[in-house]
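As a plain string of letters, each chain reads:
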Amino acid sequence: MKRTFTYKLNIVLFLLPALILFVGILIAPIIMSAYYSFHEFNLVANTDMEYKGLENYRILFSSMLTNPNTGKLYANSMYLGDALGHSLVLAALSTFIQLPLALIIALKLSKGIRGERAYLSIFFMPVLISTVIIGRLWMNIYDPGQAGLLNAGLRALGIDKWLFPAITNSIKSSKLPFTGQWTGFRETALIAAFIPILWQYVGYHMLLMYAGIKGVPADLLEAAQLDGCTEGQVNRFIIIPYIKPILKVCVIFAVTGSLKSFDLIYALMKDTSRAELPSTLMYKLLFLHQRYGLGSAIAVVLIVLCFLFAVLISFAFRDKGAKVA
Amino acid sequence: MKKLVALVLAAVMLLSLTSAFAEAEKPTLTLWCIATESDANRPAYEKAIPAVEEALGIKIEWEAFENDSYKTKIKSTSADELPDIFFTWSGAFAGDFAAAEKIYCLDNEFPNYAADLPEVMLQNSTYGGKHYAVPLTMNIVTLFANMDLLKQVGYDAVPTTYEDLIACCDALVAAGIIPFGCSGNATWCVTEYLEPIIEKTIGYEEMNEIFAGRATWNNPAIAEAVDTFQSMITKGYFDPDGLSLDNDTVKANFIAGKYAFYQNGSWNCGEINDAEGNFQAALFPVMNSEKATYGQVIGGPNDALAVSAASKDPDLAAKAAFALGKEICHYGYLAGSGLPAWTPDYDTSAVKPLVADVAKMVAESEGMVLFGDNAMSADPANVYLSYVAKVYGCEIDGAGFIEALANELQ
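Those protein sequence lines, which keep their order, are chains A and B. Just add 9 to the spot in the first sequence (first one is 1) and you have the numbering used here. Just add 37 to the spot in the second sequence (first one is 1) and you have the numbering used here.
No lab work stands behind these hints: they were computed from the structure. Any given hint could be a false lead.
To be verified - Which stretches of chain B does chain A cover? Using the computed rule of at least three CB atoms under 8 Å from a CB of chain A, they are:
| id | region |
| --- | --- |
| 1 | 239-253 |
| 2 | 340-349 |
| 3 | 418-425 |
Said to hold, decoys possible - In silico lysine-lysine, DSSO-like type, Cα no more than 30 Å apart, as pairs:
| id | chain 1 | residue 1 | chain 2 | residue 2 |
| --- | --- | --- | --- | --- |
| 4 | A | Lys-184 | B | Lys-112 |
| 5 | B | Lys-110 | A | Lys-61 |
| 6 | B | Lys-40 | B | Lys-63 |
| 7 | A | Lys-61 | B | Lys-84 |
What the hints assert, rightly or not - Sample of chain A residues at the chain B side, in silico, Cβ under 8 Å:
| id | residue |
| --- | --- |
| 8 | Val-53 |
| 9 | Gln-242 |
| 10 | Phe-296 |
| 11 | Gln-299 |
Don't be surprised by glycine CBs; every beta carbon is placed ideally from N, CA and C.
For reference, chain B alone in the conformation it holds in the complex:
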């Protein structure tokens, strides 16, 4: 009996060793991303990675980092230490890597996926006419509304004009309901409110020019938009506690029914859709109809995967990056953590209603402005964010905002 047990154990060990060797024979690629346990995209990565490993016969060793620390890590990592594939944001963020030739040009691999990936989705990661990153999902700033709270003040639909929105907010305040929640602890959350207000005042074309550094911040219309935003804060439309709350708490408060509106990225669609309650998605209304339209949105294909130029096998990594991008988009769209940057070639009947609504808004959009902190390179983006924080804290007014940015950035 002992001999039999020993034989079985030896056979198991031999088998596991053989499988380990078989595993070792597979090409291994490394991947860094921000899909931590609490990240809305985590389930999409967990499904996409095994699928790509099987399809391409490769092994992907992946690590996830918290958003802010990841930005620091990726920027301070030398080219040789970058993983084969890494998550990046499009616009100026990936642009710095492309300019430094730290990421691999994907033009050789793109034609194999061009049928499923519209060229327009690569526009934010195209530098000098070359494609440098694979888009995952795309996202826009979305105005989420708690319809049960709106109903209490006589609204059956989300207001679509600015005057109507203000009247709705006044009614909410009178009823003791806080209209908006916004985290002041994470400045990007403030931009989710401020940027649509500026865009709906000056229009997307002018805003794109300003973010690109081709037009001046010293624009009285921007000062007016900032003052409007601040008047909404001082009139009690925003939760005063928001100044020192983090975004997770603010979102939880909205889902729990503390606020009537929560304006943030469309990656929250899945979570809000699954929460108990009656929620709808909309866009911030137009403030100056001569310059802007309702269909203009802040956002675009921003989340992407890049391939390190120092990868030992950049062609394989490029192939894996495209395959991963397609699968993450697929599972992310179904889970509601983003809108599809890739054309869906799968059954979309299971897409959550709120996600489908926002996808429709994107399909009908009349113009896009990439998120400001991604559109600008590191230094101007952070100077911009520092003044956005001051705006939310009512430390400077609109005139101070445009003067400071015009002086420091231009």
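Isolated chain A (complex conformation):
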């Protein structure tokens, strides 16, 4: 009896440091954010916390608010809906463009092509580069002047003559003509911001998938080949089902990463209002507007969404066969 107690005490003692760190670093800030989201206060002005109930959430989710003085409806500049919509588009692009691309590269590289290691390093390199540097790099690519690689390329090929007027016609947010200002309009800024985000993390997902593919037992692959399977059939019926747990992790990372995406957009365009995401809106509200309650409410929404998507993805990837067995 005493021995069992000592054994359990040892387990508790060994788990305690990790538990304290987990609660202190992860759980406590979430609880504090949730608490702050029901209040409004100003850290600089040292104002007392004013209980607001669900008011902060109402402001965030209302595209139109009522002016208490005039009773008239007006557009709400703090509206979270558009930013969430942008995040979901980014999540969809990550899942349906970035991940398939990463899978194709991983499948090709894992076949032992010449220069496999070099290609791995090249594809993974953007992950290692600081996001701020990537932001600067893409700023130069998008530069509307002569120095901009993209516009210079389009002009050299004569594509700008029909592409720019076509983009001008499709821009609904502004009356100004598009002359290559990729980060200057809402419609183009969003796409311009998403491309480097997708580009940067292709290598990350590729490496995860590559490691998974390399872990597929050689006898399985040999057996498939002996049975006369083509490369496509091996990929489809052996490799992809085998690395399903890794694909699940990649999808979770891609979707939650899209919801939390901030740094690259901020580095790419200081005024993020043309490609607003929940995290950039949260940053503005917390540190520029000093609306700590509203900012905390966005943090809570993001946590809930990340958790919800992680559960949904896990559910979508659940192993039905194992359940039956």
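Could you slot chain B onto chain A? The hints should help.
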């Protein structure tokens, strides 16, 4: 020989240790500012800090941060973690710190410097009749003109009437020269154009009242001014690329001769003066002579140093802040990174011509309006900036601008 070398080395080590101890005995103050390597004020700080250290027998440990990240840092730093002295903007920005009693009242130290520092220069950092920050330099929105480009379309001087300016812009556009450059990536740059246009339409007194929240944004004259600004954009007076350019690029383009005009803060005087070319400084012309005059300007003593209320030695920090303010102003004025908030007690013959011209405009000014994003506190200032960005992007018109601001801010 080896013994001699060892002895010399030991003596050097002993001396350096002694000097280190001597250094450690000096009171140390910490300073945060925005004078990064690329900041126009950096040379002034680099000269002023050693001078003050020597004069007061203190050590100043200073750190510089990029402008935007500094605003975030300073607002999110708790009172206990603030440095002894820190850079701040006057108006509502420092007002929030004063209201929260996070900064030290400087009234005890001010009389020692009152002879060199006109009281009017402290008006933007005076709250409840008490002085809370030491002004460094002062700045106004200045219309810089490339005279070589203006000459190409027949202008020997910067137009001083609105009609003349429009005629000049039309001539420039016809000659294939872009009249104005403005960064859309930094919204404060757009306010450098929009605020003078509004001020020259409604007058400085009305504008001050609006920024202070005592008058409504719902003013048709403001809508008219915004529409005028947008008509200048749609008529091709502004570089369309400006929407996605940062301010450094726009300024470089102006200096390189891409634009005829560049309207921005007078802190650019030194750099533009030193650039190759023929540049002049002026003010935006009057649009409604019944309300505004040419001599009314946007700006004022805005850059300042504050002393943390949590400083271990606030009196020494206050003394150092005043000494630093005076020296930074001195070197900044000579370098052309700002106009003097302090009365110069040194030889000003070396002041650059463009800086001297703008200093004259300030001396003759008939009224001032502090920059909007400094005059208003954080939340309304950022709501205002978000709509200014929409104006430059032609996403809303004048009526939409005044309606949105009236609804959200009042």
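Checked hints:
1. A count of 0 residues in the region 239-253 of chain B with a Cβ less than 8 Å from any Cβ of chain A is obtained; the coverage claim is therefore unmet, three being the minimum.
2. Counting residues of the region 340-349 of chain B whose CB lies closer than 8 Å to any CB of chain A gives 0, so the stated coverage by that chain is violated, three being the minimum.
3. With 4 residues having a beta carbon nearer than 8 Å to a beta carbon of chain A, the region 418-425 of chain B meets the requirement of three or more and the stated coverage holds.
4. Pair hint Lys-184/A plus Lys-112/B does not hold up; C-alpha atoms about 37 Å apart against a cutoff of 30 Å.
5. The suggested pairing of Lys-110/B with Lys-61/A holds, with an alpha-carbon distance near 27 Å, which does not exceed 30 Å.
6. As the CA atoms of Lys-40/B and Lys-63/B are separated by approximately 35 Å, the hinted pair breaks the 30 Å bound.
7. A distance of roughly 50 Å separates the Cα atoms of Lys-61/A and Lys-84/B; the hinted pair therefore is violated under the 30 Å criterion.
8. Because the beta carbon of Val-53/A sits about 5 Å from the nearest beta carbon in chain B, less than 8 Å, this interface hint is met.
9. Hint status for Gln-242/A relative to chain B: violated, with the closest Cβ pair at about 48 Å, above 8 Å.
10. Interface hint at Phe-296/A: satisfied, since its Cβ lies 4 Å from the closest Cβ of chain B, which is below the 8 Å cut-off.
11. Evaluation of the Gln-299/A hint against chain B yields a held restraint, the C-beta minimum of about 4 Å falling below 8 Å.
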